[in-house]
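Asks: Protein chains in written order, with the numbering used here: chain E, 1 to 401; chain L, 1 to 236.
Quick caveat, the hints were computed from the structure, so don't treat them as lab data.
Treat the numbers as computed from the prediction; the structure is a model and nothing was measured.
Careful: at least some of the hints might be erroneous.
[Said to hold, decoys possible] Per label pair, the in silico range of CB-to-CB distance:
no., chain 1, residue 1, chain 2, residue 2, range
1, L, LYS229, E, LYS392, 39 to 49 Å
2, E, ILE384, L, ASP179, 37 to 47 Å
3, E, VAL376, L, GLU227, 53 to 63 Å
4, E, LYS392, L, ASP71, 43 to 53 Å
5, E, LYS392, L, LYS81, 20 to 30 Å
6, E, LEU339, L, GLY10, 38 to 48 Å
7, L, ASP179, E, ALA389, 43 to 53 Å
Glycine included, each C-beta is placed from N, C-alpha and C at the ideal position.
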Amino acid sequence: MISLAGRDIMHSWGKFVFTGMGLGLLIGVTLSMAGIYRGMVDDARVLLENSGADLWVVQKDTLGPYAESSSIYDDSWRGIRSISGVADAADITYLTMQVRRKGVDVRAMVTGITAGGPGTPGWPPYLIGGRQITRGHYEAVADIATKFKLGERIKIRRNHYTIVGLTRRMVSSSGDPMVFIPLKDAQEAQFLKDNDAIREQRRRTEENSAFNRPGVPGLLDAIIASQSINTYVNAVLVRVATGHNPDEVAESIRRWKHLTVYTRSQMEEILVGKLIATSAKQIAMFLIILSIVSSAIVAFIIYTLTMGKIREIAVLKLIGTKNRTIVGLIMQQSIALGLIGFVVGKITATLLMAPIFPKHVLLEPLDSIFGFIAVVMICILSSIISIRAALKVNPAEAIGG
Amino acid sequence: MTEKGITIVGVKKRYGSGDTAVEALKNVNMHVAPGEVVGLIGPSGSGKSTLLKCLGAVIEPTAGQMMLGDDLIYDNAWRVKDLRALRRDRIGFVFQAPYLIPFLDVTDNVALLPMLAGKPNAEARKQARELFKALDIEHRAKAMPSQLSGGEQQRVAIARGLVNRPPVILADEPTAPLDSERALAVIRILNEMAQKFATAIIVVTHDEKIIPTFKRIYHIRDGVTYEEKGEGRSFE
Numbered sequence: 001m002i003s004l005a006g007r008d009i010m011h012s013w014g015k016f017v018f019t020g021m022g023l024g025l026l027i028g029v030t031l032s033m034a035g036i037y038r039g040m041v042d043d044a045r046v047l048l049e050n051s052g053a054d055l056w057v058v059q060k061d062t063l064g065p066y067a068e069s070s071s072i073y074d075d076s077w078r079g080i081r082s083i084s085g086v087a088d089a090a091d092i093t094y095l096t097m098q099v100r101r102k103g104v105d106v107r108a109m110v111t112g113i114t115a116g117g118p119g120t121p122g123w124p125p126y127l128i129g130g131r132q133i134t135r136g137h138y139e140a141v142a143d144i145a146t147k148f149k150l151g152e153r154i155k156i157r158r159n160h161y162t163i164v165g166l167t168r169r170m171v172s173s174s175g176d177p178m179v180f181i182p183l184k185d186a187q188e189a190q191f192l193k194d195n196d197a198i199r200e201q202r203r204r205t206e207e208n209s210a211f212n213r214p215g216v217p218g219l220l221d222a223i224i225a226s227q228s229i230n231t232y233v234n235a236v237l238v239r240v241a242t243g244h245n246p247d248e249v250a251e252s253i254r255r256w257k258h259l260t261v262y263t264r265s266q267m268e269e270i271l272v273g274k275l276i277a278t279s280a281k282q283i284a285m286f287l288i289i290l291s292i293v294s295s296a297i298v299a300f301i302i303y304t305l306t307m308g309k310i311r312e313i314a315v316l317k318l319i320g321t322k323n324r325t326i327v328g329l330i331m332q333q334s335i336a337l338g339l340i341g342f343v344v345g346k347i348t349a350t351l352l353m354a355p356i357f358p359k360h361v362l363l364e365p366l367d368s369i370f371g372f373i374a375v376v377m378i379c380i381l382s383s384i385i386s387i388r389a390a391l392k393v394n395p396a397e398a399i400g401g
Numbered sequence: 001m002t003e004k005g006i007t008i009v010g011v012k013k014r015y016g017s018g019d020t021a022v023e024a025l026k027n028v029n030m031h032v033a034p035g036e037v038v039g040l041i042g043p044s045g046s047g048k049s050t051l052l053k054c055l056g057a058v059i060e061p062t063a064g065q066m067m068l069g070d071d072l073i074y075d076n077a078w079r080v081k082d083l084r085a086l087r088r089d090r091i092g093f094v095f096q097a098p099y100l101i102p103f104l105d106v107t108d109n110v111a112l113l114p115m116l117a118g119k120p121n122a123e124a125r126k127q128a129r130e131l132f133k134a135l136d137i138e139h140r141a142k143a144m145p146s147q148l149s150g151g152e153q154q155r156v157a158i159a160r161g162l163v164n165r166p167p168v169i170l171a172d173e174p175t176a177p178l179d180s181e182r183a184l185a186v187i188r189i190l191n192e193m194a195q196k197f198a199t200a201i202i203v204v205t206h207d208e209k210i211i212p213t214f215k216r217i218y219h220i221r222d223g224v225t226y227e228e229k230g231e232g233r234s235f236e
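The following block holds chain E by itself, in its conformation from the complex (with noise of 0.2 Å):
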């Protein structure tokens, strides 16, 4: 028996491929969607894994340093380190903010890392152009999404820094990429005010008869110069020795430092459970409502395709088609679309969309298959109004009357 759904396909194959297209590129949107979230969940876990850390020691109470602030003393790494069980520790500042190169903002993760090599928790990983930070001020090391070059020089907050570095996949868990410095400028950098509110708060501190007391002389000036200085970090990475158990090692942390601590599949629970959960339930919502979409106008297409061929069918049911020939036809003709959309979908997604979005874009193949699969579902649910219309056609229609 010859192939009804493939001759008519072959006959009208402009309108197919046209209408198959159309239809991909919506499949294609639906993938990239999917494609967003992978690459949301793929930050928030490379952020974690490039940080090299096991533990994040953070304000007591706070789901700090990436969905809350946090604030902890900057000498507390010294404390941390002396537990057993911790292999090493170092501060860390994120402050997210518009870096300036050439008079264009780049929206980026400022980082502040403290003094050590690589391997130092909060370390860059890996670079793959020039070096790491040597210097204690005004060198960065900045994520190739920024297009900054080597030997740019950038402006964080008033001071200039020079690249010296360029690494890959260091990003946020909102997708900004992220730039290295060192900890004292990002200190500086997370609490830096400008020149006339530091004049204003020094106005201030000296008309305050508490502070300037006569008979306290150097009261004043520290206070003044405490005010001006930024003695906290938002956390404090930590590195647990081998063959410790990193939570044992975060309740001796709890219980003696008294602040919060988080193991690795916490911290991923924070990310990916708190911190992106918003945008993962508004791309979940845009995928429905896609999937809505492709169904509606899958189910159009072959019911339009269905009723222009109403009197073929009445004829094939008149001279003793089966009703499965008639419904293999009009199904195999919306699998057919739906292939075609699925492959234009998945050549957008990925050559067109993927490459130019602004946000990582990860086109897992089970998502793929995923998709395949609920494309074939959704073609074969759609068809079903046709089917319905198809196998109402009366064969005396044929033969009218």
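Add chain L to chain E, keeping to what the hints say.
Replies: Relative to the frame of chain E, chain L by itself:
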């Protein structure tokens, strides 16, 4: 009722019930022998289409008997379980418009019926091509319906009606869209095919051009058939 061809005795068809019931066929009696082409003529609303649908096993009569060849197919109820197979294998249809499947070429339009009956594609196509020479469409075997003239399309439709060698063909105004010359050609072909394949052909028509060609005519009026001898003119 042992004669072959198609025989109809006392067939009735009522639509609806009670006060709104319409008796479309009141008493239909017909017999068309193998190799014979008869005309079925009647004004609009006389019951022609209803009769054709009953004969074509598309709607069920209310009462009567119908025989196809030696088989009693209706006796106050269908005696055949698979009406779809009955239509496919034992009744040929030729419509007012050819109603060819637009996405199949001429060969597959005709071969579709044997294929539906389960024959292998190659065998079905061979069976279809055997008819093409007789119908003078051999050279159009690979053409698509849209590439054919009206006359050629109707000849393909006749081939489709004949391809399973049914004992009866029901032709519903097969010459309506054709000019006189082509209409006569179609009737000539139907007569030739009826002779060649011993098929009983019933042609429902209004077409004044072709009515004189029938040797026998059934008139239907108010659901009742009357037999009349036709002129049986030559097709030239």
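Asks: Measuring from beta carbon to beta carbon, are LYS392 (chain E) and LYS81 (chain L) in 20 to 30 Å?
Replies: The hint (20 to 30 Å, Cβ to Cβ) holds, given that LYS392 (chain E) and LYS81 (chain L) are roughly 22 Å apart.
Asks: Holds or violated: the 37 to 47 Å window for the beta-carbon distance between ILE384 (chain E) and ASP179 (chain L)?
Replies: 45 Å, holds
Asks: For VAL376 (chain E) and GLU227 (chain L), compare the CB-CB distance with the range 53 to 63 Å and indicate the outcome.
Replies: 59 Å, holds
Asks: Is it true that the C-beta distance of ASP179 (chain L) to ALA389 (chain E) lies inside 43 to 53 Å, as the hint says?
Replies: 37 Å, violated
Asks: Tell me if the beta carbons of LYS392 (chain E) and ASP71 (chain L) are separated by a distance inside 43 to 53 Å.
Replies: 30 Å, violated
Asks: Take the C-beta atom of LYS229 (chain L) and the C-beta atom of LYS392 (chain E), compute their distance, and say whether it sits inside 39 to 49 Å.
Replies: 43 Å, holds
Asks: If I claimed the Cβ atoms of LEU339 (chain E) and GLY10 (chain L) lie 38 to 48 Å apart, would that claim hold in this structure?
Replies: 55 Å, violated
Of the numbered hints listed earlier, those contradicted by the structure are 4, 6 and 7.
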